[in-house]
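Visitor: Generate the whole structure from the sequences, applying the supplied hints.
Chains as they are written, first to last, in my numbering: chain A, -18 to 122; chain P, 11 to 127; chain V, 64 to 554.
In short, the hints are calculated from the structure, not lab data.
All figures in this text were calculated on a predicted structure; none of them were measured in a lab.
Here are some of the chain A residues that sit facing chain V, going by a computed Cβ distance under 8 angstroms:
1. Ala54
2. Val57
3. Leu58
4. Ala61
5. Gly64
6. Leu68
7. Gly72
8. Glu73
9. Leu75
10. Ala76
11. Asn78
The beta carbon of each residue, even a glycine, is placed where N, CA and C say it ideally should be.
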Amino acid sequence: MDDRVILRVGAKILIPFILLFALYVQFHGDYGPGGGFQAGVIFAAGFILYALVYGLGTAKRALPPQAVYVCAALGVLIYAGVGFVTLGLGGEFLAYNVLAHDPEHGQEYGILFVELGVLITVFGSMVAFFYAFAGRRKIQT
Amino acid sequence: MIGLGLFNYWVVIFLMMVGFYTLIARGNLVKKIIGLNIFQTSVFILYITMGKIAGGTAPIFVQGEQDVVYSNPVPHVLILTAIVVGVATSALGLSLVVRINEAFGTVEEDEIQDMAL
Amino acid sequence: MSHHLPVLLVVIPLVAAPLAALVNRPRVSWAIALGSAWWALYAAHALLRQVMADGPIHYALGDWAAPYGIEYVIDPTNAWVLLIVALMGAVVTPYALLSIERELSKDRIPLFYAAFILCLTGLLGIAITGDVFNVFVFLEISSLSAYALIALGPDRRALTAAYQYLIMGSVGATFIVIGIGLLYVMTGTLNMADLAEILPQLEANRTIPVAFTFLTVGITLKLALFPLHLWLPNAYTYAPSAVTAFIASTATKVAVYLLLRFFFTVFGAEFSFDVMQLDKVLMPLALVAILSMSLVAIYQDNVKRLLAYSSVAQIGYMVLGISFASVLGLTAGILHLFNHALMKGALFMAMGCVMYRVGSVRIESMNGLGRAMPWTMAAFVAGGLSLIGVPLTVGFISKWYLIQAALEQGLWPVAAVVLVGSLLAVVYIWKVVEVAYFRDVDPDAGITEAPLSLLIPTWALVVANFWFGIDASATVGVAQRAAELLLRVGS
Chain A
-18 MDDRVILRVG AKILIPFILL FALYVQFHGD YGPGGGFQAG VIFAAGFILY ALVYGLGTAK
42 RALPPQAVYV CAALGVLIYA GVGFVTLGLG GEFLAYNVLA HDPEHGQEYG ILFVELGVLI
102 TVFGSMVAFF YAFAGRRKIQ T
Chain P
11 MIGLGLFNYW VVIFLMMVGF YTLIARGNLV KKIIGLNIFQ TSVFILYITM GKIAGGTAPI
71 FVQGEQDVVY SNPVPHVLIL TAIVVGVATS ALGLSLVVRI NEAFGTVEED EIQDMAL
Chain V
64 MSHHLPVLLV VIPLVAAPLA ALVNRPRVSW AIALGSAWWA LYAAHALLRQ VMADGPIHYA
124 LGDWAAPYGI EYVIDPTNAW VLLIVALMGA VVTPYALLSI ERELSKDRIP LFYAAFILCL
184 TGLLGIAITG DVFNVFVFLE ISSLSAYALI ALGPDRRALT AAYQYLIMGS VGATFIVIGI
244 GLLYVMTGTL NMADLAEILP QLEANRTIPV AFTFLTVGIT LKLALFPLHL WLPNAYTYAP
304 SAVTAFIAST ATKVAVYLLL RFFFTVFGAE FSFDVMQLDK VLMPLALVAI LSMSLVAIYQ
364 DNVKRLLAYS SVAQIGYMVL GISFASVLGL TAGILHLFNH ALMKGALFMA MGCVMYRVGS
424 VRIESMNGLG RAMPWTMAAF VAGGLSLIGV PLTVGFISKW YLIQAALEQG LWPVAAVVLV
484 GSLLAVVYIW KVVEVAYFRD VDPDAGITEA PLSLLIPTWA LVVANFWFGI DASATVGVAQ
544 RAAELLLRVG S
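Guide: And the structure:
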């Protein structure tokens, strides 16, 4: 327990900043390298660091596997949902121009929501991979 | 950054051959996936090298600047997609290797072939 | 609504897949899969009728006009392949209800249906899009879900089969990406129609033939053309029965469609066949595939493996039709896409019924099944007759057009090979028929006929085999129009 204090304290300090950085990358995808996929992976990496340092059981209590699967599916539904909203508003599928009062704002809102969907799905998928691999016992051969 | 010449393309070919050779010649299932990853990475470098325009800067539009030469952003977008596909393929391949290890007890291809017949 | 039909065809199954994964009840997931598969069939049929009546349909995604944006383009070739994929999806999904419950553990069934619908989405997307990079994206969607589906098979060798398919399939997809990249760097566009306009002006360049070669090798890997077919026998044999029935009828057909699209629409028939001499590569490979794979099929003990090798031979027939590069040859190839889907679908579904009752598909365990499971074996015999090419079945129509195409170009030996292929098919079908009908069933095994929900889809395909074999005007009409458009657009 004693020799892991450094890891625990270090992780406790770093993880919020990792998650914040992920959100920074997410929202600045318009103006620099970034976007949904990168942000989702960084977000998941922060969470996986937590799981590595504090243990898989604690991580699974913080974020149950069922919630992770819901996240993975939810992002796809958000993305397709934006498409259906544009269909309902009279444009083609994923025509962001119709989402707001002028095309420029429409494009901003459209990209915001689809990148949010991508973030949620990528985060859910990465954590789901981790949960699937991490819980297995090595077979004794 | 002008004057790189064909160096990038030599790197592409080198990585492609290294990856492809590892993929084919190594019998360990995990090494095959590593080879596949290197092979796919060489393709990414090919695309991004093609997107660079001599004298071009990063393709980020800044309001008010005129007469700036931008590099082509489309290959970057294509490569993002291809990277995600590569990640998904590697994840699926590695999870298959984990299951094969549990079912057969080994990840060496020739041992599995002896067992599977 | 009908204006948005092209995109809704792909998007509704895409949305249904995460929904099917979220619900934890197997039957509800199955219902979601069934709904989306039947929607796809309705939409594909409506699109085919519209295209045959009004001409090609264009749908610009996101309101960005081509060539800036991604465009869905539907013409007769497209609509035909969409119908094949949607039809097989709609027929296999009801079949899968009982078959999958027997072969998979209960907690995996919702995820199975999610992967199944994703595979269907990917295949529909490949067929409908008019942008080459979008083809790669959908190709990988369908391939990754196919790898996952195959790995769910009950035998542990399903895992190695899926792994082998993954490695070879990813190499093929990466080659396709290299080809697309080289095309993009020379032309600056990813839209198929735009490429077709720009490429003829660039022919003296060395990059274009290299791109062509990469694309050809990548697509023929996905197509399982001899000698790049090594993944197919294992993948078809060890996958769950419903998965084999679906993938055998659709995945390779869509790859053939990709071949047609790239050779005739993007590069043009003149470039592909006169400059790159593609027929000199494809025709010998196709002929070797037909002969060697039919021969190997005769020696198989596992009936699913036998049918898998037979599939590689049938792909040889399709590619042979394409390598003629004439209207008759292309008609034969495009026709065989549909006919083979019907034949192999019925055959693999019959084997799924056998698996359901008997628990094994080895030929030794099929003793006397002709009496114990009369309807199942009758379906197998009907599919087998179609495979051989007996008149009144769809197989006969394809072989008829193939032989006509060969004779039109004066290639008597090729026509002879087609006939020899049919004779070899007689041998391996007879092998199964002999065991089923002329041996005695094991009385203690208690084998009864397969349940109705497995038999009805199987017999739906068998009836379709005979229906379109007796009245082939509809199918031949579409195939001929598609062939004419492909050759005229290219040249």
